[in-house]
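Assemble chain X onto chain Z, guided by the hints.
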Amino acid sequence: MIKNQHMQLRVLPFGIARDIIGTSPFTLELEEGARVQDLLDRLKVQFPELKKLRSIAVAVNEAYADGSQAVTGEDEIAIIPPVSGG
Amino acid sequence: MFAILQSNPDPGALTRLVSGPDSGAIDLFIGTVRNQTGGRAVVALEFESYGPMAKKEMAKIAEEAKSRWPVNKIAIHHLEGRALPGDTVVVIAVAAAHRAAAFEACRFAIDQLKERVPIWKKELYEDGEVWVAAHP
Chain Z
1 MIKNQHMQLR
11 VLPFGIARDI
21 IGTSPFTLEL
31 EEGARVQDLL
41 DRLKVQFPEL
51 KKLRSIAVAV
61 NEAYADGSQA
71 VTGEDEIAII
81 PPVSGG
Chain X
87 MFAILQSNPD
97 PGALTRLVSG
107 PDSGAIDLFI
117 GTVRNQTGGR
127 AVVALEFESY
137 GPMAKKEMAK
147 IAEEAKSRWP
157 VNKIAIHHLE
167 GRALPGDTVV
177 VIAVAAAHRA
187 AAFEACRFAI
197 DQLKERVPIW
207 KKELYEDGEV
217 WVAAHP
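Going down the list, the protein sequences come from chains Z and X. For the first sequence, position 46 matches number 46 in our numbering, and the numbering has no gaps at all. The number in our numbering is simply the position in the second sequence, starting from 1, with 86 added.
It is worth saying that the hints were derived from the structure and are not from the lab. Quick reminder that beta carbons are idealized off the backbone N, C-alpha and C, glycines included. Any given hint could be a false lead.
DSS-like, lysine-lysine: derived pairs with alpha carbons at most 27 Å apart [to be verified]:
id, chain 1, residue 1, chain 2, residue 2
1, X, K208, X, K146
2, X, K152, X, K141
3, X, K208, Z, K44
4, X, K146, X, K200
5, X, K200, Z, K44
6, X, K159, X, K146
7, Z, K52, X, K208
8, Z, K51, X, K208
9, X, K200, X, K141
10, Z, K51, X, K152
11, X, K200, X, K152
12, X, K200, Z, K52
Derived list of chain Z stretches under chain X, where covered just means 3 residues or more per stretch with a C-beta under 8 Å from a C-beta of chain X [unchecked claim]:
id, stretch
13, 9 to 23
14, 27 to 39
15, 42 to 51
Which chain Z residues face chain X? A few, computed with CB under 7 Å, are given here [stated by the list, open to error]:
id, residue
16, R54
17, G67
18, A70
19, S84
So that you can see chain Z by itself, here it is in the shape it has in the complex (with noise of 0.2 Å):
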C-alpha cells in the first residue's frame, strides 16, 4: 500500500483571520491533491472561531478560487475574511 504523500502549504491569514490564526504566514500541511475547500475544512477544524465569520474566502495567487481548485505548495494562499474596504 502507497503511503499518501503530504505538501506544505504557505497560507496567508489577513484581518481578523490572522488574528484567530495567530501566526503569518502560516503553515499547513495536506495530501498532494487537496483542494480549497479541503484547505478551509482543515482550517475551520484547527481553528473553530472562523466557523463564527460571516464569510470565508480563499484566494490563490492573488486571485479568488472556488472550493474545488487544486493546491499546491508551490502557490500563495490567502485567506480573505469578509472584505470592508472603502
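Same frame as chain Z, now just chain X:
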C-alpha cells in the same frame, strides 16, 4: 492607476490621472472616515490590505466597468494604515465622454470595491476595537 497608499489619496492627483481631451466628464467618489458608527464614537480606523491582490481586483473592476459603460479611464487609490475622522481613505476617479456613464461606472466601482477588494477595516473606539463586518 490602481494603488494602495500609506498616505491619504489625493482627489486632485486622481483627477489628473484620468483627465484627457477625449473626456467631457470626470466623476470622483471620495470615501472619508465618519466619527461614529451606530452612535458609538470612532476614534480612528486601521486599514489592512493584501496589496498585490487588491491592485489586481481594482484593475478587474475597472475592466468590467469599461465593458459595461463607455468610459475612458478609471483610477482607484486606497489608504493602508491609520486614518482619523474626516480623513480621505479611498478615491475613485472615472473619466468618460459624457456624465451618465461616468456616474454609473463610479458607483459600480465603489460598490464592487466594498464587496471584493481585499482590504479590511478595524474601527477603534475609546474602549475597544472591532473588525468591521467580520461577524453576522
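If any of the earlier hints don't hold here, list their numbers in rising order. Hints 10, 14, 15, 17 and 18 are the ones this structure does not satisfy, whereas the remaining hints hold.
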